[in-house]
Each structure stands twice: as structure tokens, then as C-alpha cells.
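Novice: Each protein sequence line maps, in turn, to chains A and B.
Residues in the first sequence are numbered consecutively from 1, following my numbering.
Residues in the second sequence are numbered consecutively from 1, following my numbering.
Please note that the accuracy of each hint is not assured.
Note that the list lumps identical chains together, so a pair holds whenever it fits in one copy or between two copies.
[As the list claims (entries may be wrong)] Straight-line distance between alpha carbons at most 30 angstroms, and here's what the computed DSSO-like set of lysine-lysine pairs gives:
| no. | residue 1 | residue 2 |
| --- | --- | --- |
| 1 | K4 | K68 |
| 2 | K152 | K217 |
| 3 | K6 | K75 |
| 4 | K9 | K39 |
| 5 | K4 | K21 |
| 6 | K43 | K9 |
| 7 | K287 | K244 |
These are computed hints drawn from the structure, not numbers from a lab.
Just so we're clear, the structure is a prediction, and the values are computed from it rather than from any experiment.
2 protein chains.
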Amino acid sequence: MKLKVKFLKLLAGRPVAILHKNFAEKASIHTDDRIYIEKRGKKLAAVVDIATGFLKENEIVVSSEIQKIISLREKSVVEVELAVKPESLGFIQKKLSGGRLNRQELEKIMADIVNNVLTESEIAYFISGICKSDMSIEEIKDMTLAVLNTGKRLNLKGKVIDKHSIGGIPGRTTPIIVSICSTAGLLMPKTSSRAITTPSGTADAVEVICKVDFTIKEIKKILKKTNACLVWGGSLNIAPADDKIIQVERLLNLAPEAQLLSSIMAKKLAVNAKVVLIEIPYGRNAKVTRKKAEELKKKFKKLAKYFRIKLKCILKRTEEPIGNGIGPLLEISDVIKVLKGESECYKLRGRALESAGQLLELTGKAKKGKGMEMAEKILDSGKAYEKFLAIVRAQRGSINNIEKIKAKYKRDIRADKRGKIRDIRIKQLNNLARIAGCPLDKAAGIYLHKHLNNIVKKGEKILTIYSQNKTELREALRYYRKTKPIRF
Amino acid sequence: MKLKVKFLKLLAGRPVAILHKNFAEKASIHTDDRIYIEKRGKKLAAVVDIATGFLKENEIVVSSEIQKIISLREKSVVEVELAVKPESLGFIQKKLSGGRLNRQELEKIMADIVNNVLTESEIAYFISGICKSDMSIEEIKDMTLAVLNTGKRLNLKGKVIDKHSIGGIPGRTTPIIVSICSTAGLLMPKTSSRAITTPSGTADAVEVICKVDFTIKEIKKILKKTNACLVWGGSLNIAPADDKIIQVERLLNLAPEAQLLSSIMAKKLAVNAKVVLIEIPYGRNAKVTRKKAEELKKKFKKLAKYFRIKLKCILKRTEEPIGNGIGPLLEISDVIKVLKGESECYKLRGRALESAGQLLELTGKAKKGKGMEMAEKILDSGKAYEKFLAIVRAQRGSINNIEKIKAKYKRDIRADKRGKIRDIRIKQLNNLARIAGCPLDKAAGIYLHKHLNNIVKKGEKILTIYSQNKTELREALRYYRKTKPIRF
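Produce the entire structure from the sequences given, and follow the hints as far as they go.
Specialist: Rendered as C-alpha cells:
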């Protein structure tokens with residue numbers, strides 16, 4: 001079948017070809033099918049989109065990727081035919097019907113995900129497959145290695161340490177832990193994610209005061225200066241397959257265990273971590289129940305043993321945000337308060353000290369049972385704050401930036417009666433902060449004046465909503481009234 | 001977040017908005033997310049695509065759908081925010097984790113599929129969900145009604161009959177059955193599909209000699225003239241949700257039982273059929289095994305009872321193509337030979353007579369056990385052929401069209417030794433015909449000179465490959481040599 005070329009000057013990330021609806025119907029070609037486009041012996045597989053309006057039945061619109069690779073001109077005539085399906089689709093089918101994939105098959109799938117050979121729908125089928133059947137530890141191990149192999153590595157010498165929190169709970173312990181541990185002489189190249197379903201990831205919060213996207217070479221320079229960094233993992237490309245899978249999971253808020261485990265382990269392996277701490281908050285408002293948390297712990301331990309990583313899990317009932325602020329600016333402000341020794345965020349301080357203490361013990365910096373004491377000493381000496389400032393400087397920023405951005409609009413929510421706070425719904429608060437403009441509007445978010453079990457007088461401030469935009473503030477207020485995230 | 005509008009003059013079938021990669025990363029917006037685009041109080045949800053090249057970070061490219069609905073101009077500034085997810089996603093999640101969906105939930109999913117609210121990835125999750133858990137008959141019934149409700153109906157009075165074959169086997173019995181039954185006075189408004197994975201659907205074959213896409217009003221006129229029609233179901237929009245689901249299933253060649261059953265039943269209900277015959281070919285080269293065929297039969301019976309349809313299933317071991325031709329022109333030529341009484345395609349004749357006979361018995365036109373005899377009489381009298389010509393005329397065509405199209409290239413495949421044909425691999429033959437250019441090149445395809453268990457002399461013709469294109473013919477030959485679909 002011959003078609004005339006029209007250009008779409010977009011780089012879509014993968015070769016995209018748009019066919020006219022009528023032509024596609026007759027040729028039995030559908031959205032997301034793959035076709036070969038051929039011109040003078042050069043042949044390329046492209047994913048099909050279908051449209052009308054801009055193109056005629058005998059035309060094909062191609063994205064810049066295709067134009068470049070097979071050097072086409074406008075109105076060139078190309079030969080089009082249905083392409084053979086990628087081999088990895090067979091493996092996905094196997095997983096979806098409950099089969100076990102081996103390392104080679106998982107590697108092919110991951111490579112095809114990273115190279116944009118597989119479409120979002122096909123990745124959705126893969127995710128459904130791993131949701132469906134419980135993967136064995138052996139298979140999760142293979143998937144970890146497959147994910148690891150698609151990405152770059154930070155080849156560091158020395159005893160690298162790392163931490164991870166099974167997310168969903170606002171409150172940034174990470175910058176505090178990193179500052180304390182690197183002050184103690186530990187090497188902590190921390191890579192973090194941006195917000196996925198929460199209003200702010202660690203990377204979004206740190207970005208308020210400094211850059212977070214660096215190349216591997218730049219990160220090595222930062223580490224030389226400060227023994228630590230606080231960067232966005234996405235810019236490093238250490239687990240690109242996983243990044244893509246998480247995108248497709250978000251559509252249904254899925255988090256299959258096998259993917260969670262392999263994702264975290266691959267990222268730790270990519271930075272060559274030898275000692276790892278995993279925080280698993282559990283409870284009715286957290287991502288997992290206590291039982292699930294215990295199961296995850298067991299599996300993390302098994303994987304760590306296989307990869308020869310010293311790993312500890314901290315399980316902690318968590319029923320409310322750990323800090324007072326929710327949103328990039330408000331969360332990094334909490335962090336700075338704790339580092340400066342201000343008393344407001346005692347819960348955030350406690351959690352950070354506990355995790356830092358564990359890492360100090362695991363690495364032998366502190367004796368068993370003495371880690372938290374040591375962490376507290378470092379924090380109270382002001383040295384952790386100095387270290388934090390050094391990291392921010394090395395990442396080309398300044399904490400003075402927090403003074404420069406300010407939300408245009410704010411609104412206090414006050415108690416309409418006296419009472420004790422009995423429930424703080426984290427999910428609804430997260431949604432509320434997102435409606436207010438997080439994570440893109442750095443200054444948007446929520447400040448909690450009260451916490452669980454606090455007694456509140458009538459008319460007292462419970463929380464303040466910040467927003468850059470009147471409409472968003474209005475919608476946030478409407479959402480607050482509808483969902484009542486804080487209950488007496 | 002404010003962005004400047006740029007136009008993409010395409011109708012993508014649903015509102016599509018393209019964001020710049022850097023902007024999307026910072027805003028935590030990903031491919032297939034939904035955003036609201038707002039301008040002067042008018043607000044629309046659009047699905048996100050991500051690109052670079054053609055647009056700047058502060059720009060948003062919108063498809064013509066959006067431009068029209070919220071009347072934008074180039075360089076208008078719009079407000080963009082993450083949209084609330086459609087309710088149906090929650091139901092899909094429920095199904096994926098093994099829950100049971102009720103009628104209202106299935107209806108919401110089907111409506112969102114038809115209205116392009118759900119993306120291909122989300123439909124893939126739904127399909128995975130129904131693949132995963134065996135749906136009860138009750139749930140399949142609800143799904144049938146949900147599919148039915150998304151489409152149009154052909155409200156016909158009188159005893160409408162219909163037939164369906166669980167596809168995959170080339171050979172068109174349908175036009176023969178329709179011609180015989182309507183000659184006997186039965187009302188048979190036959191809607192057929194185009195090729196899905198085979199080289200030709202009934203609609204593709206019939207399209208060689210006449211039009212197949214008509215509106216419901218036009219079909220009623222055709223039925224008035226001839227008591228029957230042979231049209232493409234897709235143009236009628238009788239089960240658009242199902243059409244979309246099948247597209248996404250094709251990516252992995254999935255055919256979950258619940259979807260198969262609800263799809264067929266919904267289409268029969270849409271034409272108001274009272275008597276239905278289902279052909280279920282089984283065997284190593286067919287879509288299903290004998291056991292699976294028996295199970296399907298039971299479920300069809302249960303559904304038919306619920307919908308008060310008189311239904312019969314014919315289970316038949318089928319190990320090779322039913323006719324000689326594979327491909328639109330070659331298959332319709334077989335049909336005409338049988339209708340004219342030529343002796344070549346005795347197997348196709350036999351199968352068609354058997355099915356027509358069953359329908360004559362089910363409707364009481366023939367006594368029990370005498371249907372096939374009656375069908376044979378009608379066929380041999382030449383009246384069925386006359387009826388067929390009348391249908392073709394009513395559908396604005398002529399069988400002389402088969403003389404007008406002819407494949408440019410052909411190649412005979414001859415036996416390289418003497419022997420008995422022991423295996424004819426249908427799947428490989430189907431692929432072969434598609435490589436040769438089917439279904440778009442109507443004249444492309446395969447003609448089988450020999451069938452299963454035939455003794456072949458060395459040098460004797462086994463099959464002929466037809467193609468419009470030298471390259472395609474060459475590739476078809478290469479595929480034939482590689483896969484050897486016919487084995488001695």
C-alpha cells in the first residue's frame with residue numbers, strides 16, 4: 001500500500017505515524033498497531049495513530065523521528081505494511097496467562113519498554129500480568145537485574161549507604177537523614193523521585209532551594225565535595241524501564257509488589273549501595289497494612305541477601321503526615337526548621353533521628369543501641385545543618401530561595417466546634433494539596449496547625465491552604481468541605 | 001498553570017493535548033494522564049501526549065476537537081490542571097483485582113469506552129481484568145446488555161434469524177447460507193466483521209462485488225427488497241464498545257471468553273434475532289479445542305435462554321480452510337462457484353448446506369432431519385444464486401466486478417516430492433495471505449489446489465500465491481519457505 005508523506009514536526013519520543021480513519025478501516029489497521037514504513041530500502045517500524053481532518057485518505061503523517069531516520073521529504077511516496085509484532089509481546093502474553101518469565105525474557109521486555117517499542121497499552125498488559133500472579137523471589141530478582149540493566153550506574157567506591165520510604169505519607173525525613181549521616185562521614189548519594197500521587201516528592205521539595213537534575217559526572221563532583229547529594233533520580237536515567245512502568249501504573253494507582261520490590265532494589269544496586277534502610281509506614285491511612293508490611297520486609301530481606309546488601313526495614317504505624325507542611329515549599333521549610341533546631345516539627349525530627357541512628361549502627365559508626373543518640377548529637381551540634389547548606393551550595397542553590405517564593409492566596413480553616421482530632425485522612429489531604437496547585441506551584445500546599453489527638457477549641461486554626469491561584473483555592477476549599485479530611 | 005495554545009489540525013477522535021516534555025516532567029504529568037483545559041469558564045478534559053520539537057515549554061498543542069468545543073484561537077492562554085479520573089477507572093481496578101461488576105458499572109465502562117473517555121491502556125487493564133477472573137453467566141449477561149446499550153439497534157418485526165462463526169478459519173459459508181435461507185422466506189439481516197487476524201472477513205469478501213457499509217435506514221430498504229443483506233457491522237455502530245475492545249485485544253491476540261460471548265450475543269440482540277446458529281470449529285488448527293468448544297456451547301445456551309433466543313451450536317472438527325481460496329476475491333469466487341453449482345468447493349458447499357439446513361429446521365421451515373435436503377433443493381434449483389444476485393444488486397454492486405480485479409503477480413508452489421498432505425497450518429496460511437497483501441489488496445491471497453489427505457505427485461501444484469506487489473510476493477514466498485504451512 002502506497003501513501004504520500006505529510007510532516008508533523010513533533011518529536012513524540014517514538015516513531016509515530018498517523019493514518020486516515022477510512023484508510024485504516026479498510027486496511028484493518030488500528031490505533032497502536034505497528035506498521036513498517038519503507039522508502040528506498042530503508043524501513044522503520046512505527047506505532048499507528050488514527051485521525052481525520054488534516055490528512056487525506058492516501059496520506060500518512062509522520063513524526064520527526066521517522067522523517068530523520070529514513071530521510072523523507074514532504075509528499076514522498078512510501079510503502080506501508082503491517083509490521084511483525086515484537087517478540088516481547090509473546091512474553092507479556094505468557095505473564096498475563098500466569099507463566100514464569102526468565103531473565104532473558106524480562107530483559108527483552110525492559111529493553112523494549114525503554115526503547116519505546118512497547119506502547120502504553122502493552123505495558124498495561126505487562127503490569128496486569130505481574131499484578132495477577134505472585135512472582136517468586138527468584139523471578140523478582142531476575143526482574144530487578146533486568147531493570148538495572150536498562151539504566152546507567154553510579155560506580156562509586158567505598159561503603160555507599162541509601163534509604164527508601166514506601167511513600168504516600170507527606171513529610172521529608174530524607175534531607176535530614178542525609179545531612180546527619182554524611183556529617184558522620186558516610187557516603188550517601190541520595191536519588192529521589194518527584195511526586196507520583198503525593199503533592200511533593202523529595203526531589204520537588206529540594207528543588208525549591210537548589211537544582212536537582214544533574215548528570216552522573218556532575219553528581220560525582222558534588223559527592224567529592226560533600227559526601228552526599230539530594231538529586232532527582234529521573235535525570236540520572238538509572239532505571240528508565242521502571243520510570244515508564246510507574247507512569248502506566250499510575251493510571252489505575254496500581255503498585256504490584258514485584259514491581260515495587262524490583263524497582264527499589266534496582267535503584268539501590270545502581271548506586272552501588274552496601275547498606276540500605278527501608279522505612280515502611282503502615283496503618284489505615286498508609287499505603288500498606290501491618291500484615292502486608294511484614295510480608296514486604298521478609299521479601300526485602302531475601303532479595304538483599306541475594307544481592308549481598310546489608311538491609312534493615314523499619315515498620316512504623318503512621319496515621320498522619322509526619323511534618324506540618326504538605327507541598328514542596330512547606331515541606332522543605334519543615335526540614336530546615338528541624339535542621340536549625342527549631343521545636344515545631346518534633347515528630348519529623350524523631351523519625352529522622354531514628355532512621356539516621358539505624359544507618360549509623362548498620363555501618364558501625366555507632367554501637368548497637370547508640371545510633372539515635374549519636375544522630376541527635378550531630379543534629380544538635382549544628383553540623384548537620386552546615387552539611388545541608390554545603391550540599392545545597394554544591395547543587396547550585398541557596399536556602400534564601402524559600403524567602404523568595406510565597407503563595408499569593410491563603411485561607412485558614414478553623415474548628416467549628418471544640419473537640420479532639422480523631423482522624424487525619426492522608427489521601428484526601430494529598431488530593432487537597434494537589435488541587436491547590438502542588439507539585440508545580442512550589443508554594444502551594446497545606447500547613448497543619450494541629451495533629452492527631454490534639455484538643456482543639458472552637459474557632460482555632462486547624463490548617464491553612466496556600467495557592468497561587470484564586471480558582472484553585474476555591475476548588476480546594478470546596479474539596480475540603482466535601483471530603484472533611486480532618487475529623488473530630 | 002497557564003499555557004499558550006498551538007493548533008494541531010487533526011481530529012484524533014478524542015480531545016488530545018500535547019505538552020512539552022520539560023513542562024510535563026516538572027508538573028508530574030505523564031502520557032495518557034487527563035488534564036482540564038479551561039478558557040473563560042469553558043472546561044474540557046483531554047488526554048495528554050508528550051513531545052518536544054514543535055512546541056515550547058509554555059505551549060500546549062490541542063487537537064481540533066478541543067479547539068472547537070472551547071473556541072480557542074492560536075496563542076490564546078488557557079489554564080491547565082490535572083483532571084479528576086473517570087469513575088469507570090475505579091470499576092476497572094475492581095475487576096482487575098477480581099471483583100464482580102454490576103450492570104451499572106459495566107454500563108459506565110462501556111459508555112466511557114465509546115465516548116473515548118478511556119484510553120487504550122485503560123481498556124487494556126479492563127481486558128486483563130476479564131481475562132483474569134472467570135466471569136459468571138450473570139455478569140456476562142450484564143456485560144452483553146451494557147455493550148448492547150452503547151449501540152444502535154435494527155428494530156425489525158418478524159422472525160429474524162442470524163448465524164455466527166467463531167472465526168479464524170478461512171472459507172465463507174455465510175453468503176451461501178444467507179442466500180438459501182432468505183430464498184426460503186426467512187428474514188436474515190446479516191452483519192459481518194472485516195478481517196481481524198484473518199486475511200479476509202465476510203465483509204471484505206462481499207465488498208469485492210458490492211458496497212457493504214450502509215446506514216440502518218438503507219439496510220431496512222435492502223431488507224424490504226430481498227429479505228436479507230450482507231453488510232459490514234462496523235458501519236452500523238451496533239456494538240461500538242465491543243469494536244473498540246477487540247482493537248485493544250488484538251495487540252496481544254487475546255480473546256477472553258466473557259468478551260467473546262457478550263460480543264456475539266449483543267450483536268444478535270441488536271438485530272432482534274429470534275433464532276441463532278453458532279458454528280464452533282475446533283481442532284489443533286482452530287481457535288479452540290473440543291473441550292473449550294463444549295464449554296462455550298453450554299454458556300451460549302444459558303445466555304440464549306436468558307435472552308429468549310432459540311440457539312443452536314454446531315461443533316465441527318476443522319483442520320484446514322473450508323474453501324479453496326484465502327483472501328477477499330478468492331473467497332467470494334468460491335462462494336459464487338458453489339451458488340452456481342460448480343463442483344470445485346464441495347467442502348464449502350457441504351458446510352453451508354448443513355448450517356442452512358439447521359436454520360430451516362430451527363425456524364420450522366423444514367421438518368426435523370429434513371433441513372439439509374431442503375437447503376440442497378433450494379441451492380440446486382438456482383434460486384439461491386438468483387437471490388444472491390438480487391442482494392448484490394440491492395447493495396449497489398455486480399458480480400461482474402470479480403472479472404475487473406486481478407492480481408498482478410502470482411507464483412505456483414509445487415510439491416518437491418510425492419506424498420500425502422498430512423497437515424495444513426491455518427494460522428501460517430493466514431499470515432502468508434496477509435503478507436501477500438490481504439485484506440487491503442482484494443485480489444491478493446492464496447488458492448489451495450490440494451487439501452488434507454490428498455496424494456500429491458512430485459511437481460504438482462499445491463497452492464498459488466497472488467499479490468499486487470513484487471516485494472510482497474517475494475516476502476510471502478520467503479515466509480512460505482520458512483514456516484512450511486503445508487506438510488507431507
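Novice: If any of the earlier hints don't hold here, list their numbers in rising order.
Specialist: Nothing - there is no hint that the structure violates, so all of them hold.
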